[in-house]
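Chemist: Spelled out, the chains give:
Protein chains: 2
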Amino acid sequence: MATRKEVAELAGVSEATVSRVLNGVGPIKDATRERVMEAAARLGYQLNAVASSFARGLSGNIGVVLPHVPKVHLFSTYYFSEILSGIGEAVRTGGHGLLLLYRDPGQPFDYVSLFRTRRVDACLVLGASSLPDEEAGIRALAEEDVPFCVVDQRFGGLPVPAVIADHVSGSYVATRHLLASGHARIGFLNGSPQYSNSADRSQGYRMALTEEGIAWNEDIVYEGNYSRKSGYEAAARVAADFDRLDAVLCGNDRMAIGLVQGLKERGFRLPYDLPIVGYDNADASSLIDPPLTTVEVPFYEMGLRAASRLLSRLGGGAEDASAGLEVLPTRLVVRKSCKTSTPEAKESENE
Amino acid sequence: MATRKEVAELAGVSEATVSRVLNGVGPIKDATRERVMEAAARLGYQLNAVASSFARGLSGNIGVVLPHVPKVHLFSTYYFSEILSGIGEAVRTGGHGLLLLYRDPGQPFDYVSLFRTRRVDACLVLGASSLPDEEAGIRALAEEDVPFCVVDQRFGGLPVPAVIADHVSGSYVATRHLLASGHARIGFLNGSPQYSNSADRSQGYRMALTEEGIAWNEDIVYEGNYSRKSGYEAAARVAADFDRLDAVLCGNDRMAIGLVQGLKERGFRLPYDLPIVGYDNADASSLIDPPLTTVEVPFYEMGLRAASRLLSRLGGGAEDASAGLEVLPTRLVVRKSCKTSTPEAKESENE
Numbered sequence: 001m002a003t004r005k006e007v008a009e010l011a012g013v014s015e016a017t018v019s020r021v022l023n024g025v026g027p028i029k030d031a032t033r034e035r036v037m038e039a040a041a042r043l044g045y046q047l048n049a050v051a052s053s054f055a056r057g058l059s060g061n062i063g064v065v066l067p068h069v070p071k072v073h074l075f076s077t078y079y080f081s082e083i084l085s086g087i088g089e090a091v092r093t094g095g096h097g098l099l100l101l102y103r104d105p106g107q108p109f110d111y112v113s114l115f116r117t118r119r120v121d122a123c124l125v126l127g128a129s130s131l132p133d134e135e136a137g138i139r140a141l142a143e144e145d146v147p148f149c150v151v152d153q154r155f156g157g158l159p160v161p162a163v164i165a166d167h168v169s170g171s172y173v174a175t176r177h178l179l180a181s182g183h184a185r186i187g188f189l190n191g192s193p194q195y196s197n198s199a200d201r202s203q204g205y206r207m208a209l210t211e212e213g214i215a216w217n218e219d220i221v222y223e224g225n226y227s228r229k230s231g232y233e234a235a236a237r238v239a240a241d242f243d244r245l246d247a248v249l250c251g252n253d254r255m256a257i258g259l260v261q262g263l264k265e266r267g268f269r270l271p272y273d274l275p276i277v278g279y280d281n282a283d284a285s286s287l288i289d290p291p292l293t294t295v296e297v298p299f300y301e302m303g304l305r306a307a308s309r310l311l312s313r314l315g316g317g318a319e320d321a322s323a324g325l326e327v328l329p330t331r332l333v334v335r336k337s338c339k340t341s342t343p344e345a346k347e348s349e350n351e
Numbered sequence: 001m002a003t004r005k006e007v008a009e010l011a012g013v014s015e016a017t018v019s020r021v022l023n024g025v026g027p028i029k030d031a032t033r034e035r036v037m038e039a040a041a042r043l044g045y046q047l048n049a050v051a052s053s054f055a056r057g058l059s060g061n062i063g064v065v066l067p068h069v070p071k072v073h074l075f076s077t078y079y080f081s082e083i084l085s086g087i088g089e090a091v092r093t094g095g096h097g098l099l100l101l102y103r104d105p106g107q108p109f110d111y112v113s114l115f116r117t118r119r120v121d122a123c124l125v126l127g128a129s130s131l132p133d134e135e136a137g138i139r140a141l142a143e144e145d146v147p148f149c150v151v152d153q154r155f156g157g158l159p160v161p162a163v164i165a166d167h168v169s170g171s172y173v174a175t176r177h178l179l180a181s182g183h184a185r186i187g188f189l190n191g192s193p194q195y196s197n198s199a200d201r202s203q204g205y206r207m208a209l210t211e212e213g214i215a216w217n218e219d220i221v222y223e224g225n226y227s228r229k230s231g232y233e234a235a236a237r238v239a240a241d242f243d244r245l246d247a248v249l250c251g252n253d254r255m256a257i258g259l260v261q262g263l264k265e266r267g268f269r270l271p272y273d274l275p276i277v278g279y280d281n282a283d284a285s286s287l288i289d290p291p292l293t294t295v296e297v298p299f300y301e302m303g304l305r306a307a308s309r310l311l312s313r314l315g316g317g318a319e320d321a322s323a324g325l326e327v328l329p330t331r332l333v334v335r336k337s338c339k340t341s342t343p344e345a346k347e348s349e350n351e
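Note that the protein sequences, when read in sequence, are chains C and H. Positions 1 to 351 (full-length UniProt numbering) are the ones given, in order, by the first sequence. Positions 1 to 351 (full-length UniProt numbering) are the ones given, in order, by the second sequence.
Below, a sample of chain H positions facing chain C; criterion: calculated Cβ distance under 10 Å:
id, residue
1, G60
2, S76
3, F80
4, H96
5, G97
6, L98
7, D289
Between beta-carbon pairs, the in silico distance windows are:
id, chain 1, residue 1, chain 2, residue 2, range
8, H, T32, C, P329, 51 to 59 Å
9, C, P132, H, T32, 29 to 37 Å
10, C, D104, H, R42, 17 to 25 Å
11, C, V72, H, T117, 30 to 38 Å
12, H, N217, C, A180, 49 to 57 Å
13, C, V72, H, Q203, 31 to 39 Å
14, C, L131, H, R42, 19 to 27 Å
In short, the hints are calculated from the structure, not lab data. Backbone N, C-alpha and C fix where the C-beta goes; we use that ideal spot for every residue, glycine too.
Okay, chain C solo, but in the shape it has when bound (with noise of 0.2 Å):
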């Protein structure tokens, strides 16, 4: 690719000339234009998304609000480093600069500002909640007449733009999975009521449980916070739950890998002793032993898919789902650690 120096070298003018030429701003000569285009032209250089959204005041920055948490590698985490390659894919053609900033969770946060200070052309939300200084935030932002996207979190009655993931049905198909297997006394580690997608998640388990009659026991019900520390920390309470239960799902992988950590260290056999689930089939679900069965959740493609509707409303194309709930299919991905076989059938499996 060309570039504005070697354009300008090649018209005999400056590059701010070049600039002004190709982003048709200030009163140019004919015959300077004609050079710096004939030497654009012969260069092969050209005026991509970002110069026009220059030329048009804007910033050629796509913003991605994601929440600091302390001590977390966030971009290491595989929900959100899978959103944000999505997010990635969708940008990188058009020459957009991803403007990531941080916020701090559950406090209020001034989305509308980076509109006004023209600091970005639009915006993605990720990680938000349902905590009510959050949501006022979203509220502010849904108000004003901005291209704006959130990722895996629906706020409910509000008419908030988001790409979404199955969770209902995901946790549904996961219960039932276990519940055809003859497992009745499902745990479920979940992570906290404040995201959608934990609600959601555990609607799916109940509508599960309830088709077979099955009452909702909450002490066999919990919380996390989606570390694997937190799943580490819970084997102490489903190993003193043993007794009365046939199998955990987690709202996870992460969890669900602490879990099966701590439960190895208190010399449970899995899966035998206990069949385990995870959630997201994230990479390190196939890696563990034993190998997760997990539902598949479509991050790159959310991230994917919300910038690219953002892309579309810059790009002046009609975007009809701007102002909609986009729900993305999930879908179960069976391992072996809720198969119910005994370690003696495990061994001749291996031979």
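Chain C is already provided as a structure; the job is to place chain H on it using the hints.
Modeler: Structure of chain H alone, referenced to chain C:
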């Protein structure tokens, strides 16, 4: 945190007036200024680092330039995710945004324009290589008096500010570890030499061999591209060379994990048939079977350090390291993947 809007309402002025007062821009009546300052104080509204950047004509953004690799979920690689997490930790407190921008590997990239167009105040370069067009872009950047820092790449004689890790020592120590366990014929699956970390790793490997009077044998040196797939594909060559290999050192854990998978599919019993050493100490390295002996690289700290240097310079602090090369230490982590005991010994260990 109060918003500018709330300050404006309490002071009975427009939001634009609040901005002009707080940024010290434009003529303002003393009475108005006092009302705004009083309202801001009462509401706890403060100018943050970014607001003061804007007042000085800066963007408030730190650029992070990343290679775009088709089909790779970049943020989901341990390498990039950890460096980015470290960078994020450094910038989050000051309110700076991280502006992620993609470049095509091997192609020229116009870093200088990012500064000239005031899109960024400082710039971090990740995943750079010594390919001529890439190096030319870095050289042009180095000629400007702007804050930038390269992470995990050095450029021969060019005085480029960079934070790297001691990969010479990392692979030297890993190779010594294998030699000390009685393995003389050590294969090496490395990444492309266009990355200085590959070249440094190769140097450490050769140093350790030379010390033991072992000649470099290019027949057992393999090249991958740091992907799991390239490690998986290398398994065919490694298996074919099995009778002249005592062990294999890999340039990163992803390739090592692919190699382990490929060898297992060919019936290898690991680690007994062939000890494997990874590199990076990625999360996955401890999850797979066998857990990998590997070299820990402080990617998080490298990102944190590189970003901190830039922020220090932006903040007007003394930044004597700005033109320098910083080298952070690496460390060997010993796990089961290079144990040399027999399967029988393993079984007794497990009891």
